[in-house]
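Trainee: In case you want the letters, here they are:
Number of protein chains: 2
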Amino acid sequence: MKYLAQKAKEASKSLRIARTEEKNTALLLFAEELENSTKEILSVNQQEVEKAAKTGLSLGFCDRLSLKGRLEGIVEDLRKVAKLPDPVGEILEEIHLPSGLKLQKKRVPIGVLGVIYESRPNVTVDVASLALKTGNAAILRGGKETLATNRLLITLLKKALERSPLPVEAIQFIDRPDRSLVLELLKLDREIDMIIPRGGASLHRFCVENSTIPVITGGVGICHLFVDESADLEKSLPVIVNAKTDRPSVCNALDTLLLHKEIAENFLPRVISTLTPLGVSFRLDTRSWDLLSPQEGEIFKKAAPSDWATEWLSLTLGIRIVDSLEEAITHIETHSSGHSESILTNNREHANLFVERVDAAAVYINASTRFTDGGAFGMGAEIAVSTQKLHVRGPMGLKELTTYKWIGEGDYLIR
Amino acid sequence: MKYLAQKAKEASKSLRIARTEEKNTALLLFAEELENSTKEILSVNQQEVEKAAKTGLSLGFCDRLSLKGRLEGIVEDLRKVAKLPDPVGEILEEIHLPSGLKLQKKRVPIGVLGVIYESRPNVTVDVASLALKTGNAAILRGGKETLATNRLLITLLKKALERSPLPVEAIQFIDRPDRSLVLELLKLDREIDMIIPRGGASLHRFCVENSTIPVITGGVGICHLFVDESADLEKSLPVIVNAKTDRPSVCNALDTLLLHKEIAENFLPRVISTLTPLGVSFRLDTRSWDLLSPQEGEIFKKAAPSDWATEWLSLTLGIRIVDSLEEAITHIETHSSGHSESILTNNREHANLFVERVDAAAVYINASTRFTDGGAFGMGAEIAVSTQKLHVRGPMGLKELTTYKWIGEGDYLIR
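Chains as they are written, first to last, in numbering that gives the first Met the number 0: chain X, 0 to 414; chain D, 0 to 414.
Simulated from the structure, these hints should not be mistaken for lab results. Possibly wrong hints are sitting among the right ones.
All copies of an identical chain are treated as equivalent in the list; a pair is satisfied when it fits inside any one copy or across any two copies.
Claimed, not checked - Calculated lysine to aspartate or glutamate pairs in the DMTMM-like style (CA-CA distance at most 25 Å, straight line): (1) K105 to E348; (2) K260 to E168; (3) K104 to E93; (4) K105 to D177.
Build the full structure now, drawing on both the sequences and the hints.
Mentor: Written out as structure tokens, the structure reads:
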């Protein structure tokens, strides 16, 4: 592991000074290699998906392993990344100090990234391309179920790098599914500058607890939407539908709906009758339960205290009636994972108070929580969504894979 | 510890929305309290300094404990911080997306800072003031030798906070010198957002190895200055003198001087004859040793391999002669701690190459390494110098004690 990390660190030295065209050339060559080997990739991948299905892994999980129908999109994304502006080299600040020192704050690559992800093999291509574009070396560790697919993707990447001006060692891949290697990786703080976990809460927790390298935690979104008494209820319904049902398995999907008591009586039945046909089931607090008096079963359950701290990742929705904006904020403060929170309101004061008080990566006024995403934020690419507060908060695009360096110049200047 | 951290987190909620005037009022009240209790502070501090001296601690160390002659400056700095612009609330970006989403990236406080420092009690006041100014709560842990002084400073701060609009619990102080409490602190990642160690390399290492909270490492500077063959030697001498002798005990002081072979024969004797009367002693590589043929003793020693990886923090200077800019860069790559590196040259290409290739928080062309400092960079205040690459690199002022929040607004907008 250490040897592998040292090779990545060595490569990062030439990547740091690589020109934009050189980096783009490498990305386009990689796209070409993937295109030329489409058949082989899909066949290797297909075998792994079948094997996973046989071992009894869920359909949803197996689907995430598959590249079928997705490879074209992956190649297209690669070409899109090549076209994105290169953030490296940007002068962020320029200061002429009274001392005579001319100071520049310049955007530079971070160095070596460690990325630990789970099933999806498209992450291998995504991460490699974003790392190369930003002049970073990377060490990748994918899921064991797609080891063969990832190996092949990496072989094609190495082929592309060999034909390119970039160092072949720029992207390292851990090709043994041994978990102890991850533990080793997380301690290499002299070689690796940043760890990005991509996966569930337990993977993030594992990294935080074991890493001596800074970890970008995130991905877990317990997201709330509060419908204030002043909200336009007609317009609120589609926002709730979008936040909950557009893509329920992702981190920016809605988990808990908070309703102001003044509108609950009329509005809650409409919410239920709109969402039920879409397959949504509900966890109701006592007040909404009493208001609806539903039949307990698959669709309606009484909410347990732990339900408010659950990221559903499915078509389940918690619903709670609150007395006031204050109570809504307190509920969010208590249960939010700091990802995405939204208020629907026509009251400007309430909107401002919500935005000021709620501590999350993204806070919305009259918009769906689903917007928290590199693409929707116009970043052109996304490697992760951070719910911690240092370096990057929210969607992490190309800029967020860079750091800066101070450059001071004088005429043989002393302090 | 957890209870204390929870109180800080609770306080951070009202600090987050405190207005600039409220924060400044608290700082000015604190300054007032310190002034009114000058006698008492100095007396308590004097007793601790004497006690430390009796236990045989070094003069330099005891001097760092003392507030004598420094309290006025500390109070003045407090008033200066009150006058600095408040970074919180700044709109960093504003984007109108094609989707109709109006997106703002707004600067906000981080939340709760954990600051672990050693002897100097002035850090207690510094850190408290910078945290309050930026709307952050903080948990402080000072050195055991100044426990009574720190306790008194914190009592005065609490008095000031009681009279101010800010919450009294905003600044928490760990008033037991038990190291296991630090270990506990470092694991409270649900309450604390950032750890700033201020002290030697071992404290930084301890935090990195034990913390589940992001740590801003830094403070350790193995700094190099390379005199290129094209350098103006007349002008180079004062820069070397400044970098080495101006304040040898700080992290931006020069540790290793690299000389291009073409200028070494003439220039090295001048360096030696200039620095020796200033009390500097030398660790010479073989080539400089052979060139000078000095008498081995207190002033001249042959450099051991480990000397190149030593932060001297004293009037010792390593000297090495190199064949080329390339060899200088390689030496720096191998031994730099990523703090401050400088080239003296009249060759623009060499200057650019040095700046591009050397990976450090601050890289200088024709300037002393001593400039790496919040004050010298015009930040108005400094809480630490970071040598890691995430969130902040180099001097850490007020802005670096903030994060951002995305605020999205739409007209009941869906994705």
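Trainee: Could you run down the list of hints and mark each one as holding or not?
Mentor: Here is how each hint holds up against the structure:
no.: 1; hint: K105 to E348; in the structure: between (39 Å within a copy, 18 Å between copies)
no.: 2; hint: K260 to E168; in the structure: neither (60 Å within a copy, 33 Å between copies)
no.: 3; hint: K104 to E93; in the structure: both (6 Å within a copy, 21 Å between copies)
no.: 4; hint: K105 to D177; in the structure: neither (39 Å within a copy, 42 Å between copies)
Checked against the numbered hints given earlier, the structure breaks hints 2, 4 and satisfies all the rest.
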